[in-house]
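Quick mapping for you: the protein sequence lines, in order, are chains C and X.
Numbering-wise (the numbering used here), the first sequence opens with residue 1 and increments by one.
Numbering-wise (the numbering used here), the second sequence opens with residue 1 and increments by one.
For the record, the hints were derived by calculation from the structure and aren't laboratory data.
Glycine included, C-beta positions come from ideal geometry on N, C-alpha and C.
Be aware that a few hints might be false.
For the chain X half of the interface with chain C, some residues (derived, Cβ under 7 Å), not all of them [as the list claims (entries may be wrong)]: (1) 90; (2) 94; (3) 100; (4) 159; (5) 160; (6) 189; (7) 207; (8) 219; (9) 220; (10) 241; (11) 245.
Number of protein chains: 2
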Amino acid sequence: MRLATVTTHYGSTAALWQGGWRRLPEPDLSAFLREHAIADAPDLASDELVDAQPVVLLPTPGKVICCGLNYGDHIEETGREKPTYPTLFAKYADTLIGPDEPIELPAGVEADWEAELAVVVGTALRRATRAQAAAGIAGYAVANDISVRDWQRRTLQWFQGKAWDATTPLGPVLVTPDELDPEAGVEVVCRVNGVERQRGNTKTLVFDSAALLAYISTFTVLRPGDVVLTGTPGGVGMAMTPPTYLADGDVVETEIAGIGILANTVRFAA
Amino acid sequence: MRLATVTTHYGSTAALWQGGWRRLPEPDLSAFLREHAIADAPDLASDELVDAQPVVLLPTPGKVICCGLNYGDHIEETGREKPTYPTLFAKYADTLIGPDEPIELPAGVEADWEAELAVVVGTALRRATRAQAAAGIAGYAVANDISVRDWQRRTLQWFQGKAWDATTPLGPVLVTPDELDPEAGVEVVCRVNGVERQRGNTKTLVFDSAALLAYISTFTVLRPGDVVLTGTPGGVGMAMTPPTYLADGDVVETEIAGIGILANTVRFAA
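Turn these sequences into a full structure, and let the hints guide you.
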């Protein structure tokens, strides 16, 4: 199944793809995942929506937890060793934007791209085993953990480089695990102004989706609609020679085969 | 003014202290700060509550952002230099507990104390000046950023040692800035089983409350009821010789003169 939050002439709604977008109860996919079992979506789908366009997939996740240093080639380009434990940091829902919304930043910051597979939680998980965590995955989406490198480097903690409002594209749809198997491998790609900058395969992840959810659930509950970003492959701008950052008007395309494409334009405020 | 979330025989409510606790509209202080201006509290207070006890001060803040390395003596004990920028990390509302609730942890982790002044946001702040940030402070509370040091040290990012559910006491009340001036200096104290372990004064903070709110608002909006923890003074357990951590049954008292005392017992799960 493919689900999304879409806008129509009548406002936004959760929706299920069945040749066209069909209306689900609840105004967005965050609310739908909190209120319903995802398996019930086909029974709950009603009228087909005209001119529906996906917007930010999950507007109100309680938690957006990110894993850094999770692809072998990206670990290498940062000069670090393969980790024993996942490196985790948090961001807030205010960071999230839709699949074609602008990435809004002040002029002059060192903004970099990080294409990622996002895993969306479907059932509450606390001290979950790997099997429970795997069964608790609602599905997968595309994300780009746009990072403000100069702020990320200001201190030991990355948070202030990662938590800028309206900088993290998420979407365009959620694809359920029966249709997509990141453990078998899907390609995660980032292009900037049409030039490919990143290409990784999720089968090379050090910690896969189920491993990350189980690990996180050791210390905090994960709830339906929470999001975990699984890390980025090699090819980020700060590792280029010379380091290269996003400029006003640049178009960042983030693609995962089997899910879709995000296309977001960088907008620097004056 | 002193405000809190209290429980009575009839459930929980936001409340204002006027010789006794008087009922405010909204079921808790998070909801009250979202829905009302704090200056209106005296006009909105109604019947006096019998047997009211403060519980977790803010049950649903959207953001709980913490500053590390903000007291000179704590910076020294961690072997670091006085910072140019605040070191920030995030936790979630699930970490918060009330002024006398247990700190719940699995047996065997290295749990440490961090007494802190908490600043609570009263008005929405985005790209705020220092003056706007100061005017946007709803008030102050006591917090203890109980930290799981072995998990904090597993990776470069502290989040996984700081975000354990039900480990961060917050309260007992919110005191408005007209009654408490941390810039002039208030004492922040931590005792474990009655033995004083930390004592710092907020006048020695590298970044004070207004500075932290203004800085954070550069990259993300702060909303009424959001919480910023301003860092801990010297005297944490990991800096003792030998390093000393909390044991099952230990009582952690966290006190700020002019606000109150939190008294939380450590409970290790079997």
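Hints and how they fare:
no. : hint : verdict
1   : 90   : holds (4 Å)
2   : 94   : holds (6 Å)
3   : 100  : violated (22 Å)
4   : 159  : holds (5 Å)
5   : 160  : holds (5 Å)
6   : 189  : violated (26 Å)
7   : 207  : violated (11 Å)
8   : 219  : holds (4 Å)
9   : 220  : holds (5 Å)
10  : 241  : violated (24 Å)
11  : 245  : violated (16 Å)
The structure shown violates the earlier hints numbered 3, 6, 7, 10 and 11.
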